[in-house]
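Starting from the known structure of chain A, arrange chains B, C and D on it as the hints suggest.
Keeping their order, the protein sequence lines are chains A, B, C and D. Just so we're aligned, residue 0 is where the first sequence starts under numbering that gives the first Met the number 0, counting upward by one. Just so we're aligned, residue 0 is where the second sequence starts under numbering that gives the first Met the number 0, counting upward by one. Just so we're aligned, residue 0 is where the third sequence starts under numbering that gives the first Met the number 0, counting upward by one. Just so we're aligned, residue 0 is where the fourth sequence starts under numbering that gives the first Met the number 0, counting upward by one.
Honestly, the hints are just simulated from the structure, not real lab data. Any given hint could be a false lead.
As the list claims (entries may be wrong) - Under the rule of at most 25 Å between Cα atoms (straight-line distance), these lysine-lysine pairs were calculated in the DSS-like manner:
(1) C:Lys35 / B:Lys408
(2) B:Lys405 / B:Lys112
(3) A:Lys154 / B:Lys261
(4) A:Lys345 / C:Lys144
(5) C:Lys208 / C:Lys4
(6) A:Lys203 / A:Lys269
(7) C:Lys144 / C:Lys208
(8) B:Lys405 / C:Lys4
(9) C:Lys180 / A:Lys346
(10) C:Lys208 / B:Lys408
(11) C:Lys359 / B:Lys129
(12) C:Lys216 / B:Lys408
(13) D:Lys23 / C:Lys4
(14) C:Lys1 / C:Lys359
(15) C:Lys4 / D:Lys24
(16) C:Lys35 / D:Lys23
(17) C:Lys180 / A:Lys345
(18) D:Lys24 / C:Lys35
(19) C:Lys208 / C:Lys10
(20) A:Lys269 / A:Lys246
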Amino acid sequence: MHAHLKRMVTIFLLLSMLIVFLTGCWDSRTIEDQLILTGIALDVADDPGKISVTAQAANIQQGKAGSGETGGEGSNESIVMKATGDSLTACLTELDRDSSQKLLFHHNQIRLFGIELAEQGIKKHLDLIMRDQKARLEVPIAIVDGRGEEALTAKLSEMPLSGLFLGNNFEAQSAISPQYRVRLIDFVQRLLDGTAAPVIPIIKVTGEDDKQEIKMAGMAVFHDDQMIGRLTNEETVGYILSFGNVKKYNIVVSDGQNQAGLHIATLDCKREVTLRQDGGIQVSLTITSVVSVSELHGFKEMKPPELLKYLENLAQEEIKNEITDCFSVAQTLDADIFGFCTMVSKKYPKQWNEMKERWSEVFSDIDLSIQVKVRIPETGQIVQSLEMEENMK
Amino acid sequence: MKSNRLPLETDLLDVLEQEVLCASCAKNAASIPELATGCLSGDTVLLVDGCAGGLVINSKGWEKRAVSEPQSESVVRGPREGFTENLRTNTSLIRRKIRNGQLKVEQMTVGRKTQTGVCLMYLDGVANPKVVETIKYRVGKLDVESVLETGYIEEYIEDAPFSPFGTIGYSEKPDVVAAKILEGRVAVVVDGTPFVLTAPMLFAESFQTAEDYYARSLYSSLIRILRFIAFMITVFAPAVYIALVSFQHELIPTTLLFSFAKAREGTPFPAFIEAVIMVFAFEILREAGVRLPRPVGQAISIVGALIMGDAAVSAGIVGAPMVIVIAITAVAGFLVPALNDAGSMLRIVMMVMAAFIGFYGVAFGFLGMLVHLATLESFGVPYLGDFDGDDTKDTWIRMPLWSMTKRPKSIARGDTTRGQRFIPPLRPHVPDEEGEEP
Amino acid sequence: MKIDKSQISGKQFMFMVAFFLQSSALLTSFLAGITKNEAWIPVVIDIVLCIPLIFLYRTLMVMFPEKNFLQVLDEVYGPVVGKIIGISYVWFFITLAAVNLIDIGDFAKITFTTETPRMVPTLICVLVTVWAVRHGIKVISRYSKLFTIIEFIIVGVSIVLLFNQMDFTNLLPVFTQPAIKYVQSVHIIATIPCGELVIFLMVTPCMKKLTPRESTKYWFGGVAMGMIVLLVVLLRDIAVLGKALHLFTLPGLVALRLVNLGEALSRMEIIFAVALAMLLFFKITVLCYVSTIAVAQLFGTTQYKRLAVIVGILIMAYAPTLYPSSVEHGISAQTIVPFIWTPFQILLPLLTYILAKIRKLPKAITPAVKKQEV
Amino acid sequence: MVWAVIGGFALIALMDFLPLIRRKKWRAVAAFVCTFCAALTLEVLMVLNIEIPSVMSAWESFIRWLGMGYAA
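This is chain A alone, in the form it adopts within the complex:
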């Protein structure tokens, strides 16, 4: 028993010594001494070869950050800082030095690139972001039509912190289709595919001083890490649809005089790639979709059963057209935004090796066949439109 006691005392001494010697608390940082970063934007600086970094952080001292309650006095909600330097590291060092608080990167909601920088190439700026364990790979990235800082300095009426707004917005859009939100990891995966062209959403800041808005403005198409062109919002639809996995999306179809709003409940796309005899490839997309009617204008002469058939046909045509349009844009840009090359490399690894060299030639010569199967099982609360009812009488 005595020896036991002695051992306890020794262990206690050892532990307390450890605590005394080791209590450096190196990693300890209290929350309130941190600037919680909500968005970061990279731009081309005025000096050639330099970049400028804009960081948006929540201002905890003022108002209720993050909630829209005090939207009116949004001016104090966010702190925006700017720095210019040769590299991202230099800029971040400068930002850190110039503020009294440390920057906290974990909660960054969005990474923005100015369009000018995107055209020059963004690969080298991604290295730090991927290397740093504090930065998260699932943070979405976007291109700003204009300068990146505009999006972060924008005063939105909806939510004072535009970084938070963008993060939430992309999150909500990804429910429609995962393609709407491009996370850093998605971008890097596409980048590593080699010949595939990564695509990043573009946003645009519109409006006057106090009532600014951020709008989606299509997608930026990259070749390797340089932006080479863009899809408009309309062309983007085809891009989105061609990947399938679309939920709760609305399209409008029309046959010239009549118009119908259709709600795509689900849309799936099966992609198949086969080699052609002449060395080219053939891609077939088989799309199956469940659609419901959300709005009808016209169609006065039709009875419900034939109307649904007719609408199904219209929808099939519409979806097909959207994809073909988008595909032709992609071909003119010579950018494989659909990732067809990845499919080839997975399915025909041997042939792929020699095809890689002449990919742009192959791509411009792809046989794209699209089969669309649309089903309209329901028409909402009413079957016929009011206009049709009139006709019946």
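Chains B, C and D only, in chain A's frame:
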């Protein structure tokens, strides 16, 4: 019947003692001091003309508390009787539950000055003889002056005196002790206290209450799991909070981070000091509430919990989230009363680890706790149990009684089946129409 | 001479083996660096290839049920050669423990403590480890089942949470790399998680008596559980990360970081990280225990409890001298380490088995042998 | 820092070494002294920032000399 004629050489007193008197304990005493002591301590002295010496007949009648509802373990459903301070009453309460010849009661006397009566009770042929021997040996070897409560015995015979976890169980309720004896444990009843020790004890026992077995098994299982979670909360909640706000900020959802940061804005102390202040304040209030007479105690807790907490937040000494964390920690601790003291100690250890190196420290604190639990043994039985087979049926869940046909493997020896085969209630209990049971 | 007098059951042994293999699931980066998104192929090959290896270990265990591996070496090679090989095995055990200690240091550096000196998390780990080691194999084995179940739950939950991000076409194409890459990967898996099981030969004397049949059952049961988890984890990481897999030092953790099901269920990687730290801790505990037993055996003493702390500290002091940086650690694990480990894990056990068969060992215990043992 | 290390080692010796001597377990004492000296030397050298040659690099050159080892 023996013959009426007495053999000449026998003493009349002996005859009286052995053949006539019905007292449980009569003693033939020769000297006057012996007789006097007997008389003084409440016994009856019988002197017979013509006999040297006299008989001291045990006829002590002490004032004793009636059997009443136990204070520490109240139940909604289940027997309400509790042990009293009288050894005989206690053993009879247990024996009334187990009317079986196998139930052995072994009387011992401990304490040089107090001469306290101690009873070991166990089911012969069910309890592990090794455990019985060990307890008998340890209690028999005790050389202490006084034994005033079971706590005295517990400290002297337990396996791990420096562990925060108790390795001997105790209860105030005869039904609980009877159930433990039926599982093969040994009960130690001590004169002068309503608490009865049971050994060996498993970690899982701390999470069991008497009512678990009287309520529906699904509900009992749910509550058991809840108790496990509550124990985790009471040990780890402050540590996790410290680790969150001073180390791993990335774990907090963004909007919550904003409100945490706002709440902490303007409080002067780091999270660890804040937590220490609050934990100590809570322990002080609790201790005050326990020791004071009940009406005053309640007032203290109300003043402490409501007014002081609120005042501390509005004065900017601690942040509001910390008050919430400590409150949930405190309340969760009361779900597992058996581990309340262990919880308070471990909580502080975990807080130091968290303040030192964040979640890594908490993780290794947890691992250290696990290693410690794995090293513990209670009279040769692994404290953590084996996580194995039938024994798990009554740990973090409680299976229906009819499914527990075996006594705990780690505790019972010999007769380990509780019943031949228990018929699950889903099967028809009445014979079929053909008159044959399936 | 029996160093550790505690006993473990066959089931506990099985879970220890399973858990030991599972804990390698975290460190798949050296594998991913070689065969990239085809890293699952060598694992599948190895599940088959390891069967004879495990059978060899099992047979050695059945042949000498009373002896740990160093005692077996003494008996088979004679006291002098046996001791020399024994010393090299002690080095092997200590180095293995040290390498894993480096891993937990790296892991802590990446996940928990980015600015803390590496020595601090390592020291904490060593202290808890030696505490467990001091109480013998019984204590270590007691929570192995609990941990195995926890690991199964974690892998299951993470797969469910990541399911919407998995793209199983990432597993394609197959067999596009040069053949030597597959040989290398197979070699790495055969030596690094599988061959390391040779350390369990040091636990033999603590096992309850098993029939050869039971022995086979528990060995292969454990290996099957471990390898399946390894394979599933690798498949999960490839399906989630795809081409980016080989970029990361801890692919498993990066994959878990991507868990995002709304605000509440994102950012949970620290919980996983805690679980992974538990896995690594267990592995180090077993290795540290084996090293301590081996040192005690080498000097012919049973006082292993008193040696536990100092052996743990020796491992801690030895670990940082092995590699100047984690990059070199990674490259060495890919290119050199399989060759260093091969003699210890495959060649020497095989040679021991053959020699024992030739010399018709184990002999029935004669009084002379008994005396020698005391 | 050196003194802290030496103090730590002294504590370990106090805890584990003295009981071994008291119980006259000389083989265990030998084992303890060997590991103790090795650990102390390594730890002190590390604290003093003296570079210790790596065993692994020696192995590497040996394996390469044998003509084995995979390409990096």
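Are the Cα positions of B:Lys405 and C:Lys4 separated by 25 Å at most? violated (30 Å)
Below or equal to 25 Å on CA atoms is what counts here, so check B:Lys405 against B:Lys112. violated (44 Å)
A:Lys345 and C:Lys144 were given as a pair; does the straight-line alpha-carbon distance stay at or below 25 Å? violated (40 Å)
Is the hinted pair C:Lys4 and D:Lys24 satisfied, with a Cα-Cα distance of at most 25 Å? holds (18 Å)
Within 25 Å, alpha carbon to alpha carbon, are C:Lys208 and C:Lys4? holds (14 Å)
Starting from A:Lys203, check that the Cα of A:Lys269 is at most 25 Å away, please. violated (33 Å)
Hinted pair D:Lys24 and C:Lys35, Cα distance within 25 Å: violated (54 Å)
C:Lys35 paired with B:Lys408 [C-alpha distance capped at 25 Å]: violated (49 Å)
Is C:Lys208 within 25 Å of C:Lys10, Cα to Cα? Given that 25 Å is the threshold and the Cα spacing comes to 12 Å, the pair holds.
Within 25 Å, alpha carbon to alpha carbon, are C:Lys144 and C:Lys208? holds (20 Å)
Would the hint linking A:Lys269 and A:Lys246 be met if the CA-CA limit is 25 Å? Judged against 25 Å, a Cα distance of about 15 Å means the pair holds.
Within a Cα-Cα threshold of 25 Å, do C:Lys35 and D:Lys23 meet the stated pairing? violated (57 Å)
Consistency note: the structure conflicts with the earlier hints numbered 1, 2, 4, 6, 8, 11, 16 and 18.
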